[in-house]
Amino acid sequence: EPEVTQTPSHQVTQMGQEVILRCVPISNHLYFYWYRQILGQKVEFLVSFYNNEISEKSEIFDDQFSVERPDGSNFTLKIRSTKLEDSAMYFCATLITGELFFGEGSRLTVL
Amino acid sequence: TQLLEQSPQFLSIQEGENLTVYCNSSSVFSSLQWYRQEPGEGPVLLVTVVTGGEVKKLKRLTFQFGDARKDSSLHITAAQPGDTGLYLCAGVNMDTGRRALTFGSGTRLQVQP
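As you go down the protein sequences, you meet chains P and S in turn.
Its first residue numbered 39, the first sequence is counted upward by one per residue in my numbering.
Its first residue numbered 3, the second sequence is counted upward by one per residue in my numbering.
These are computed hints drawn from the structure, not numbers from a lab.
Treat the hints with care, since some could be wrong.
[Claimed, not checked] Simulated pairs of lysine-lysine, BS3-like, Cα-Cα distance not exceeding 30 Å:
hint, chain 1, residue 1, chain 2, residue 2
1, S, LYS72, P, LYS95
2, S, LYS61, P, LYS95
3, S, LYS59, P, LYS80
4, P, LYS121, P, LYS80
5, S, LYS59, S, LYS72
6, S, LYS61, S, LYS72
7, S, LYS58, P, LYS80
8, P, LYS80, S, LYS72
9, P, LYS80, P, LYS95
[Stated by the list, open to error] Covered by chain P, according to a simulated footprint, are these stretches of chain S (three or more residues, beta-carbon under 8 Å):
hint, region
10, 44-52
11, 91-102
12, 106-115
Glycine included, each C-beta is placed from N, C-alpha and C at the ideal position.
Bound-form chain S, shown alone:
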């Protein structure tokens, strides 16, 4: 059972389109983080959301943490080829007591020029 379910698994869109990817769980997380990973590299942190209902913006990226702190979404406006990569959500699960980050399986985004 996936602790953090990400959807969709794959997304291929044209440059300029908008998209939303989701990160869902049945567990509560003290915080959620979004990472982007490019081939052959380690994940790079984009943002951390902590408060239920929180919305954070990073240029064309908008991150939202669900009110119950069980889910999160990442919305990209006017996607560009440079946005191509694997988007991972990760969090510290309050139900398991594990302090280390648990990662979702990721959404692989490809933006066609």
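Just chain P, same shape as in the assembly:
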């Protein structure tokens, strides 16, 4: 059973729409990460989240993006106004004893 479950597995949206991607851990994790992988390209770091606060973010993670843990369980990534170039696989990961466990990803397609 995976350490994190991601939903939706695939979302198709129109450019300019808001998208929320969700990550649900099995146990009470503290460290979360969002990475993205544009088709055929490398896995890129977006943001890390520790104890309900952003710990670190990359230059990709601009004002269009936000993360939160609204109910102490689910960990969400919101893209406020999607652009074509946001089309990618988005991976949530949690850190357990120095090892990153990735979810199966959410594929976002922006039309």
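Starting from the known structure of chain P, fit chain S onto it as the hints suggest.
Showing chain S alone in chain P's frame:
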């Protein structure tokens, strides 16, 4: 500029052959990790190397961390079709100060039966 350069980008070999893939950088890494990713799935950690010169074996896979902690290699002996996938190296770069993992662009391996 790629922080972590992986080579080759693509490799197609026959079952039973040996292969080595490389992960190189001009920066020092506190540790390097190797992941394997299959289509439609997230990366899965294979190994972490921490000490310069370290060698770790995982069945038919041998991982080596360079003495200067700037490079690493993955050697697969007697490759099998089940080894097919995208092999990614990743590390925490000591030069940038970023604590999150930086990934290389990957080596896509296909093992033909």
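Hints, one by one, checked against the model:
1. LYS72/S to LYS95/P: Since the Cα atoms of LYS72/S and LYS95/P sit roughly 24 Å apart, the hinted pair holds (cutoff 30 Å).
2. LYS61/S to LYS95/P: violated (36 Å)
3. LYS59/S to LYS80/P: The given pair, whose Cα atoms are some 26 Å apart, holds under the 30 Å limit.
4. LYS121/P to LYS80/P: holds (19 Å)
5. LYS59/S to LYS72/S: holds (19 Å)
6. LYS61/S to LYS72/S: holds (24 Å)
7. LYS58/S to LYS80/P: holds (25 Å)
8. LYS80/P to LYS72/S: Answer holds: LYS80/P to LYS72/S is near 19 Å, not above 30 Å.
9. LYS80/P to LYS95/P: holds (17 Å)
10. 44-52: holds (count 5)
11. 91-102: n = 4 at 8 Å, threshold three: holds.
12. 106-115: Held - the region 106-115 of chain S has 3 residues with a Cβ nearer than 8 Å to chain P, which meets the minimum of three.
In summary, the structure is inconsistent with hint 2 from the numbered list given earlier, while agreeing with all the others.
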